[in-house]
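Novice: Those sequence lines, one after another, are chains A and B.
Anchor point for the first sequence: position 174 equals 174 in the numbering used here, and the numbering is continuous, going up by one each time.
Every number in the numbering used here is 325 more than the matching position in the second sequence, counting from 1.
Incorrect hints may appear among the rest.
[Claimed, not checked] Estimated spans, in silico, between C-beta atoms of each pair: (1) Thr598(B) x Pro250(A): 50 to 58 Å; (2) Gly89(A) x Ala638(B): 31 to 39 Å; (3) Gly169(A) x Ser464(B): 52 to 60 Å.
[Claimed, not checked] Subject to a maximum C-alpha distance of 20 Å in a straight line, what follows is the list of computed PhoX-like cross-link-like pairs (lysine-lysine): (4) Lys52(A) x Lys13(A); (5) Lys618(B) x Lys436(B); (6) Lys618(B) x Lys145(A); (7) Lys17(A) x Lys62(A); (8) Lys203(A) x Lys582(B); (9) Lys111(A) x Lys254(A).
Rather than coming from a laboratory, the hints here were simulated on the basis of the structure.
Just so it is clear, CB atoms sit at the ideal spot from N, CA and C, and this is done for glycine as well.
Each chain, written out:
There are 2 protein chains.
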Amino acid sequence: MGTINWGILGAGKIAEKFVSDFAFVENGKVVAVASRDIQKSSGLAAKYRVQKSYGSYHEMLKDPTIDVVYIATPHNFHFEHTLMCFEYGKHVLCEKPITVNAQQLRILITKANEKNLFLMEALWTAFIPSIRQMMDWISENRIGKITLIQAEFGFIGNADPNGRLYNPGLAGGALLDIGIYPLTFAQMVAQSEIESFQVQAVKSATGIDVTNAIQIKYANGTIAQLASSVTTSLQNRGMVYGEHGRIEIPEFWKSKKVDVFTNGASEGFVDGTSSWGYCHEASHVNEMLLAKKHESHVMPLSRSLQMVELMDALRNEMGIIYPFE
Amino acid sequence: MGTINWGILGAGKIAEKFVSDFAFVENGKVVAVASRDIQKSSGLAAKYRVQKSYGSYHEMLKDPTIDVVYIATPHNFHFEHTLMCFEYGKHVLCEKPITVNAQQLRILITKANEKNLFLMEALWTAFIPSIRQMMDWISENRIGKITLIQAEFGFIGNADPNGRLYNPGLAGGALLDIGIYPLTFAQMVAQSEIESFQVQAVKSATGIDVTNAIQIKYANGTIAQLASSVTTSLQNRGMVYGEHGRIEIPEFWKSKKVDVFTNGASEGFVDGTSSWGYCHEASHVNEMLLAKKHESHVMPLSRSLQMVELMDALRNEMGIIYPFE
Numbered sequence: 001m002g003t004i005n006w007g008i009l010g011a012g013k014i015a016e017k018f019v020s021d022f023a024f025v026e027n028g029k030v031v032a033v034a035s036r037d038i039q040k041s042s043g044l045a046a047k048y049r050v051q052k053s054y055g056s057y058h059e060m061l062k063d064p065t066i067d068v069v070y071i072a073t074p075h076n077f078h079f080e081h082t083l084m085c086f087e088y089g090k091h092v093l094c095e096k097p098i099t100v101n102a103q104q105l106r107i108l109i110t111k112a113n114e115k116n117l118f119l120m121e122a123l124w125t126a127f128i129p130s131i132r133q134m135m136d137w138i139s140e141n142r143i144g145k146i147t148l149i150q151a152e153f154g155f156i157g158n159a160d161p162n163g164r165l166y167n168p169g170l171a172g173g174a175l176l177d178i179g180i181y182p183l184t185f186a187q188m189v190a191q192s193e194i195e196s197f198q199v200q201a202v203k204s205a206t207g208i209d210v211t212n213a214i215q216i217k218y219a220n221g222t223i224a225q226l227a228s229s230v231t232t233s234l235q236n237r238g239m240v241y242g243e244h245g246r247i248e249i250p251e252f253w254k255s256k257k258v259d260v261f262t263n264g265a266s267e268g269f270v271d272g273t274s275s276w277g278y279c280h281e282a283s284h285v286n287e288m289l290l291a292k293k294h295e296s297h298v299m300p301l302s303r304s305l306q307m308v309e310l311m312d313a314l315r316n317e318m319g320i321i322y323p324f325e
Numbered sequence: 326m327g328t329i330n331w332g333i334l335g336a337g338k339i340a341e342k343f344v345s346d347f348a349f350v351e352n353g354k355v356v357a358v359a360s361r362d363i364q365k366s367s368g369l370a371a372k373y374r375v376q377k378s379y380g381s382y383h384e385m386l387k388d389p390t391i392d393v394v395y396i397a398t399p400h401n402f403h404f405e406h407t408l409m410c411f412e413y414g415k416h417v418l419c420e421k422p423i424t425v426n427a428q429q430l431r432i433l434i435t436k437a438n439e440k441n442l443f444l445m446e447a448l449w450t451a452f453i454p455s456i457r458q459m460m461d462w463i464s465e466n467r468i469g470k471i472t473l474i475q476a477e478f479g480f481i482g483n484a485d486p487n488g489r490l491y492n493p494g495l496a497g498g499a500l501l502d503i504g505i506y507p508l509t510f511a512q513m514v515a516q517s518e519i520e521s522f523q524v525q526a527v528k529s530a531t532g533i534d535v536t537n538a539i540q541i542k543y544a545n546g547t548i549a550q551l552a553s554s555v556t557t558s559l560q561n562r563g564m565v566y567g568e569h570g571r572i573e574i575p576e577f578w579k580s581k582k583v584d585v586f587t588n589g590a591s592e593g594f595v596d597g598t599s600s601w602g603y604c605h606e607a608s609h610v611n612e613m614l615l616a617k618k619h620e621s622h623v624m625p626l627s628r629s630l631q632m633v634e635l636m637d638a639l640r641n642e643m644g645i646i647y648p649f650e
């Protein structure tokens with residue numbers, strides 16, 4: 001088997017976690033890091049013994065040794081940066097949400113197809129062992145027909161009106177920043193088309209959703225109750241209720257632990273590794289690229305598009321339109 | 326202080342719990358139990374040393390020693406039985422929901438006023454020590470501004486299409502049977518007018534809601550996510566999230582335990598009594614009657630009417646109309 005060479009676009013917190021997780025990645029290594037701030041990229045490169053660091057994205061993208069780029073910039077830049085990678089013929093794993101609206105994603109999908117390049121949204125949650133264990137229990141019908149899914153993600157974020165979370169010009173709000181996790185969790189568990197959805201939101205003075213509550217009815221009869229907040233620290237647990245039991249998964253988007261409860265008995269799973277959990281999606285991308293695939297079957301673009309379309313529709317209900325739209 | 330004499334109308338499970346709780350009640354005693362089945366009323370009376378038992382409601386209501394009647398029959402009978410008590414000049418504490426729709430309750434309120442009789446819905450949850458402790462913590466601003474309330478109540482009920490839970494003719498469905506608890510919990514905690522609400526439901530073949538999910542936005546910006554089910558055993562916990570912490574209350578409608586978490590610290594309250602928790606509302610009714618009051622300030626009829634109107638509106642959204650309506 002060959003080795004896939006990665007370039008990292010962006011050198012913030014998420015980039016560092018991703019790079020550090022390469023200690024657990026198969027068939028791939030990080031060969032370069034780029035930031036508009038050379039101090040940041042060279043610091044990150046030195047810390048994780050990455051060969052090259054660049055003070056410009058373009059400079060890194062010219063590097064012919066790089067196969068695939070992980071885009072770790074804020075989500076308002078994902079569209080522009082993915083297009084930039086495609087121009088240089090690089091495959092892309094792009095942080096979530098892959099774009100801030102469906103219009104952007106449709107353009108990216110067309111471009112990826114035109115250029116025969118791999119594109120995947122970095123929804124790492126779908127690849128982590130705890131979630132895979134949960135999905136196995138669901139497939140094995142451990143808890144029977146699923147009736148209710150609950151998940152929430154909330155933290156006390158920086159309320160700076162010009163900052164990433166609160167600024168509509170940067171596609172701020174709880175939904176796009178973290179609401180995508182409960183939505184993705186529900187989508188994975190329900191395994192059905194959305195029949196209808198409803199949303200309630202509290203908005204900031206800047207016009208973004210600081211807290212939202214979403215309920216979804218799926219075609220198979222499952223109901224999901226989801227919430228996200230950038231103003232309140234929530235318990236951040238995923239709960240899946242079935243007619244014969246329940247599955248409980250703390251911090252479901254990055255969980256190392258999942259339990260199933262049925263008729264008084266319980267069974268647990270613990271992921272004992274010290275990775276952040278990004279290694280699993282990175283290994284999957286390596287596997288896809290080595291097999292010359294241009295799309296993941298686990299996280300296909302159609303699924304990302306459905307999610308971005310849903311978030312567009314939810315924002316429409318909440319009356320949130322970004323100034324650049 | 327005098328003593329209030331109680332008659333119990335109905336001799337089922339809830340009646341027995343209520344009677345047994347008189348070991349903890351101040352200023353009142355149960356003097357009679359009535360059931361259409363004399364075996365049931367005499368059995369219950371013997372077990373709890375209640376003086377008199379009747380095989381007919383009318384017979385008990387003629388008893389001049391009885392001051393107030395606790396109506397413990399299924400909710401589809403509450404309207405009829407409350408009117409019956411009023412005819413005999415008896416005050417009434419009526420199990421929840423006080424009526425199956427607002428039209429019925431408006432008639433009862435008019436009658437109670439005409440006859441100067443006390444009427445209260447037996448929403449015992451509002452009177453229990455754990456809930457009062459929670460309300461104190463909220464008043465003390467322990468968790469700051471409340472942003473999100475979550476509560477659910479679900480159990481695996483008897484799916485008999487003719488039974489109490491599944492039969493629309495008996496005003497069946499999760500909402501009226503147990504959904505009233507999460508709704509009341511949210512109303513107590515939010516302390517604000519409802520701005521808007523949304524509901525999703527899964528219905529049985531008989532046309533009642535086996536599972537429902539409700540979200541409410543209050544005028545003060547608080548959001549509630551509530552659920553009830555008669556087909557799934559839910560975790561049945563109340564959670565109140567504020568900007569500085571959270572309150573967690575297991576089995577919130579009858580809880581003996583409540584915890585507040587703020588900035589890594591926590592404080593707990595445990596109600597060490599062995600009562601079911603019905604004693605608190607009964608003592609409150611005694612206090613009201615001894616003070617010659619015809620309405621409770623803790624559970625006023627306006628509040629019950631708001632709740633029944635809300636449940637009417639929720640049923641309307643779910644498309645559930647009972648055949649007798």
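Novice: Now tell me, hint by hint, if it's right for this structure.
Specialist: Results for each hint:
Checking the proposed 50 to 58 Å range against Thr598(B) and Pro250(A) shows it is violated: the Cβ atoms sit about 33 Å from each other. Remark: the range hint 31 to 39 Å for Gly89(A) to Ala638(B) is contradicted by a beta-carbon distance near 58 Å. A hinted range of 52 to 60 Å is violated for the C-beta pair Gly169(A) and Ser464(B), which are about 39 Å apart. Among the hinted pairs, Lys52(A) with Lys13(A) is consistent with the structure: their alpha-carbon atoms are about 19 Å apart, no more than 20 Å.
For the suggested pair Lys618(B) and Lys436(B), the alpha carbons sit about 16 Å apart, so the restraint of at most 20 Å is met. Restraint check for Lys618(B) and Lys145(A): the C-alpha separation of about 50 Å exceeds 20 Å, so the hint is violated. Straight-line distance between C-alpha atoms of Lys17(A) and Lys62(A) comes to about 24 Å, which puts the hinted pair past the 20 Å bound. For the given pair, Lys203(A) sits about 34 Å from Lys582(B) by alpha-carbon distance, which is inconsistent with the 20 Å threshold.
Annotation: proposed proximity of Lys111(A) to Lys254(A) is violated, straight-line Cα distance about 31 Å (limit 20 Å).
In the structure shown, a violation is registered for the earlier hints numbered 1, 2, 3, 6, 7, 8, 9, in ascending order.
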